[in-house]
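2 protein chains.
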Amino acid sequence: MHARFHAPDAERDGDIVSLPDEEAQHLTRVLRLKIGASIRVFNGRGAEFDAVVEHVGKNAVQVRVGHLCNAVPESRVAVTLAQGVLKADKMDDVIRDAVMIGVTAIQPVVTARSEVTLQSLARGHRQERWQRIAVSSAKQCGRAVVPPVLESRLFDSVVASLQDLALPQPALMCVEPSAAAEVLSLTDLDTTAPRQATVLVGPEGGWTPEELEKGAAVSRQVTLGARTLRADAMPLIAITALLMHWREL
Amino acid sequence: MHARFHAPDAERDGDIVSLPDEEAQHLTRVLRLKIGASIRVFNGRGAEFDAVVEHVGKNAVQVRVGHLCNAVPESRVAVTLAQGVLKADKMDDVIRDAVMIGVTAIQPVVTARSEVTLQSLARGHRQERWQRIAVSSAKQCGRAVVPPVLESRLFDSVVASLQDLALPQPALMCVEPSAAAEVLSLTDLDTTAPRQATVLVGPEGGWTPEELEKGAAVSRQVTLGARTLRADAMPLIAITALLMHWREL
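Just so you know, the protein sequences line up as chains A and B, in that order.
Under my numbering, think of the first position of the first sequence as -3, with each following residue one higher.
Under my numbering, think of the first position of the second sequence as -3, with each following residue one higher.
Since the hints were derived computationally from the structure, they do not count as laboratory data.
Even glycine gets a Cβ: it sits at the ideal position worked out from N, Cα and C.
Careful: at least some of the hints might be erroneous.
Stretch by stretch, here's where chain B covers chain A in the computed footprint (C-beta under 8 Å, at least three residues) [stated by the list, open to error]:
#, segment
1, 1 to 9
2, 96 to 110
3, 180 to 194
4, 216 to 228
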């Protein structure tokens, strides 16, 4: 199996495209590939190609795009993970795991109990960092899709968007069993796979009562069994369980 | 909610029992509880009690066991995770996660591609370490059961045991989609929950062809979708998916 690289400009057989800086460095400095080496490239939007290294310069690598390959199939349910921002390295792990298990997009959410602000995330260039982690995870797990990590938003703004959807997509809010009166088990949900779904997962400290109330108006609140799950394991568990329930795993 | 401690000797209301050393230290040095403090204790075999700190000595804590409480319910399927031994900290994470998601026992397995031997595991007192991690995870996730971490065994010995079972329990071997001819998706499995099941997960380097062949004789080989999953995430994903399939999550 040839090494895989993210080449966002690859569109069709015959294209000559440059690799992004990080990918070029991986190719030249880590794997030490030379002109003529056979590789694979994926464009992050679902297309994967055979390719050949065409030019290796000081700061740039160009590749010649070849035949379209069979990419790893994507889930038929487009799942957006709306994740309460966790502490630094835990959030990194969640991005990596969510891409591996197959989400379509990641929406970081600043909640009352997130220990960050929109400003501090912007100052720290966190979105760019998370997007790089998404690329890296897609390379490792074999996906030809790189899910976008969206700009962080406040909880209220995410709730408002869920309210505004003309055809509301199913939104599921993961809560502690004791958190709300009308909590469903995941197994109570319809097994018919929707076309898209949003899964809301809270930060380490969980949801506030106010967030639970606002969330209840735009989502179904579900629990994942009776045990207390670590915050950074919850997205992987929730999405695995949902994909299994919808027969997409 | 009162702090929870593992008190393996707690059997019934009225017992006065000593806490194990680590638990005593947690109570006195970390939480700084005093005589008369209300706590909870669980005996690791499914019983959880209210309790009161009765005596705090230099190196020992005794507690008076009170009323039996409702423990977090256990899954009705007794799942044994037979896990190819991973590199040090990854194996620790797997033990922690497996206890959190609800396994009944953990069987570490030395496979051809495990980078350890039975001797090196014994010298490093790894079983004791893993058992302590299991206790710690049970405390955090709220289980009153501490799953035993069994003595490490060679792959062939685990296969022989699966063969010997008079009433064979379902054994599932997690494999890469390309690994074997007759690979099932988890969704192809019967949804009727068995009483017990063994889930075999390989180490970082996967199974050898010989192990795949031996495993096929005593287990059903299943895949978890088309993506390449990190070895240390695979047990959590596999067990979550199975519990969901059997409606136990």
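**Request:** Identify every previously stated hint that the structure contradicts and give their numbers, smallest first.
**Result:** 1
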